[in-house]
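In case you want the letters, here they are:
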Amino acid sequence: MTTNPQQMTPLLEVKGLTKTFPSTVALSEVDFTLLAGDVHVLVGENGAGKSTLIKLITGVHRKDAGTILLEGKEIDPRSPRHAQELGISTVYQEVNLIPTLSVAENIFLGRQPLRWGMINMRAVERQAKQLLKDFNVDIDVTRNLSSYSVAIQQIVAIVRGVSLSAKVLILDEPTSSLDHHEVEMLFSVIRSLQARGIGIILITHFLDQVYAIATRITVLRNGKKIGEHLVSELPRVQLITEMLGKELTKDSDEQDENAISKHANSETFLKVNGFARKGTIEPFDLEIRRGEIVGLAGLLGSGRTEVAHLIFGVEQNDKGEAYVNGKPVNIKSPRQAIRHGFALCPEDRKIEGIIGDLSVRENIILALQAKMGWFNYLSRQKQNEFANQMIKALSIATPNAEKPVKELSGGNQQKVILARWLIANPDFLILDEPTRGIDVGAHAEIIQIIKRLANEGKAMLIISSELAEVVEYSDRVMILRDRKKVRELEGNDINENTIMKAIATD
Amino acid sequence: MKSRFIPLLMTFIVFAAMYLFAYSRFSSFGSMRIVGNLLRDNAYWGIAAIGMTFVIISGGIDLSVGSVIAFTGVFCALMIGRNGWEPIPTFIVMLTIGTIFGATMGMLIHYFKIPPFIATLSGLFLARGMAYVLSTDSIRIDHPFYESVSKIVYIFPDKGRFTFAAGAFLIVLFIGIFVAHFTRFGRNVYAVGGNSDAALLLGVPIGRTTVMIYALSSFLATLAGIILSLSKQSGDSTIAVGLELDVIAAVVIGGTLLTGGVGYIIGTFIAVMTLGTIQTYLTLDGSLTPWWIKIVIGVLLFSFVGLQKLLSSRRGLRLFNFGREHNEVQQSA
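Heads up: the protein sequence lines correspond to chains D and C, in order. Per the numbering used here, the very first residue in the first sequence carries number 1; after that it's consecutive. Per the numbering used here, the very first residue in the second sequence carries number 1001; after that it's consecutive.
Mixed in with the good hints there might be a few duds.
Keeping only pairs whose Cα atoms sit at most 25 Å apart, straight-line, the calculated SDA-like set for lysine to any residue is [stated by the list, open to error]:
no.: 1; chain 1: C; residue 1: Lys-1309; chain 2: D; residue 2: Lys-484
no.: 2; chain 1: D; residue 1: Lys-484; chain 2: D; residue 2: Arg-143
no.: 3; chain 1: D; residue 1: Lys-451; chain 2: D; residue 2: Ala-276
no.: 4; chain 1: D; residue 1: Lys-129; chain 2: C; residue 2: Lys-1232
no.: 5; chain 1: D; residue 1: Lys-129; chain 2: C; residue 2: Lys-1309
no.: 6; chain 1: C; residue 1: Lys-1232; chain 2: C; residue 2: Met-1273
no.: 7; chain 1: D; residue 1: Lys-129; chain 2: C; residue 2: Arg-1184
no.: 8; chain 1: C; residue 1: Lys-1309; chain 2: D; residue 2: Glu-94
Across the chosen pairs, the derived CB separations fall in these ranges [stated by the list, open to error]:
no.: 9; chain 1: C; residue 1: Ile-1013; chain 2: D; residue 2: Asn-46; range: 51 to 57 Å
no.: 10; chain 1: D; residue 1: Ser-176; chain 2: C; residue 2: Ile-1118; range: 35 to 41 Å
no.: 11; chain 1: D; residue 1: Asp-140; chain 2: C; residue 2: Leu-1245; range: 34 to 40 Å
Simulated from the structure, these hints should not be mistaken for lab results. The beta-carbon is built from N, C-alpha and C at its ideal position, and this holds for glycine as well.
Isolated chain C (complex conformation):
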């Protein structure tokens, strides 16, 4: 067992514990109905969280995702619902805008040395502001395409529903894992987060990588906005306020180090499903208000950051008996 897998293992243990607990109280957690709903309900912000994982592995942060999701929803609703655009071209235009938006933040961060926190905070205000300027009302979308997408569904024998959104989430997840681990871009993201000065000397194209990271994050946030638009069949400039914080929390609970260089896409997925499970449990239970989810997120976040601190310190390593990894060299001269 390598020490870098410990946070991931903890993430999985927390998920398994939460899910088993929920199952012990409500046997419906054993059905595909709940699993299908978990994937469907958490698809949009889960997709944004996968983008955020790349950003945080690179040592950055993206605060704009909630606003980008809201702007995307309003833009799609306005164009399709009011101006009569076709959905597919609208999505393509919107994804292009989103990608350029992210790339611009990436350029500000790399070329003008603006801290990611500030650059993406500006992005947060800009995207939210544009959403409000487009429309302050909730706009309904009535389009045959939206109807037909909502009918794309695989029904499990126990009436569980595997929807389009769930499918999109899983596809993004697999592509995310592939990109992170099997492409040079993905490994460069880890290198930049691990030590950007060294990465520069090793010949990693830091500028291009940074721009691509933020472009990817905004692209996925836009995609998340489209998925949300498809399931809500409307656009509203007030949605997803503060969502970026939930997304960041999920990435950290998923075992990604806020200091960069270490993290797994699958960990983020498990964390999203963990928070989704708690949410569903609280809804079913009914005796506690759903706002308890915020307290649980707080406690989990605190524990995971504490765990990371422990693991990154020498004492922590010794505590877990990993000190022996040092000097474990055989020299066969």
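Just chain D, same shape as in the assembly:
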């Protein structure tokens, strides 16, 4: 592929693109250049602005400032449909096709060839078959789309997009739910599109895939462009440091082989051996002792939440075994996990955690009441007692226990969820991104609470995107990459450098 952008007119050129939402600047003066025949990967952690950039290019949102040039001409996409007419097609992670129609019909919906005013179904099927064959995919196009795997559905979506005479194809996390073989199939389709001179923008969290398919990488962080590189000239460690916004320091490179967790002699609470679920996470071992905080680090999409869900029984493992206090257990649902003394504070508190219209007291009582059974009703007096005790212990800023939770700040909502699990007195707490989206003061308080709980002898597993935070409280860190456990660090070995290196290297 050509490497010098100055020698040809870029297919798509974005200059100074800015988008502000009521509370945040989602994208700030971002430049982006896509050449014909390039596979340009966009990477960045949560809130980096990847999806905002894509949504501006495809007309889902309107830009506040900046210009978008397609083949040198300025465009202003008003809607996804308009963008498609201009030659920009998008294929989303969630396949946006009709599952109940045939593959052929999905490719030609709305533009079926007609003969005497009738849809010429034979032509539809023949042309669909040919289009797919061009990508070496030979399938029965008369079958329902839903009878095929997600990979094939993705390819069908791509073929539909490309056959609408696309110049630019945007693939938004197309590989998230695909297995290795399917990813290869998708990549061969991408390569043949590349050969036709179509420009491809790919969003993916899988670093191995970035290096397998991309020609160019743009790194975004907090709505700003951090860097643009040719893949061949970008070492992994540099990519990770740019994504996470940390510099590798020279001095602390050495690792102490004898570094161990200060809880090495505590009693083991949970032990899992070779836990795995096909397509979700590769086999991993994990041991958590009482009073120990285990951090779970890795990039977005590396499988952190999946590990938590597997342990908590939200999803079932298909390999491996688990032991609680040395006894084998078979946890098939969160309900059983709770009976074993587990608790999970989910990542997105608005969706999975709190019930906004209920009061602080009701939200706190919820899990305890569920554990006791709904017929064994907690008296109102007891409820008040528990709620006030928790409000005090976690210093939840609320005038009283009867305030609806949705009126509290993010940090205080997070504390309410913590309180809910704490009154059930669990032995083992899993916290998924406990500090996301809360202000600095509350952030420090939550970390204090986490440390205090560990001191009280609780085993903790904490997922966080913030390396500094992971380093601060973890006794041990499990590092994931591309849905695989790649390393485990203990005691003095834990610092931002070692974690980043573990994420970057094979």
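Take the given structure of chain D and dock chain C to it, following the hints.
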């Protein structure tokens, strides 16, 4: 055999079993007389059922069809029987009113996001109420046109009668199949029912399609009312109460998924004929009250919804050994 044809196959098997059973008890089921009568007697609600099939394939529901049929009958009887209008212009006016009525419900559903159940329930009350307001009495129609239509009939060698209503039913059936499978509108109906969010992103004009679906359903219900008016030669505001439920039952027994996206017009036709066969059998038998038809509909409906659940679940697919459809891809790189 593709899994999407299984409900249709079941519909046909049920029909064949019912018909053969009836034939084994009464040999007259082998005659064109019974076939002709089946088509004639079930023509009006069969036409409404074809409209309903489009609605349910799109993921919606139309509860207003019974009331629209009644209103049409009363309107025609009042205009032709009392006010001396000519039949043909009356029908054209009535079909226009019906189509606008349906289109309005479609607009409420699409633009005001009112659930189809509620929008068409309002339609049900409105049309029934208007029928009562026009007249609470049964009105006779004496018009030479009605007489001559009743004389349009093809007589089979065994004295079986193929009437105007039967002909209209079959014509609507063929047009319905054509529209569903060979027009962009028809395929858009399936797309909207399959996944309306995706259909929107694929550029399907959702609004126009929704309005047209309900307009079509009401148009066909109006046509059904006219056919009924022609055969009864009267109009009565109390007829067809609850008919929408029979119509919905026939569509489901015909293999259309209530969740939308899957269904066949021909399946609805076979289901209508199945229920007609059972009705005729019960009448001929005489030892059971005709109300047994309701129990049979209940049992069939339950079995078909159960079958659909089974087919739409992964376990069901495996049970029928369709799991192997996955990953059946040859890559010739």
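Kindly indicate which numbered hints from before are broken by the structure, ordering the numbers from low to high.
1, 2, 3, 4 and 5
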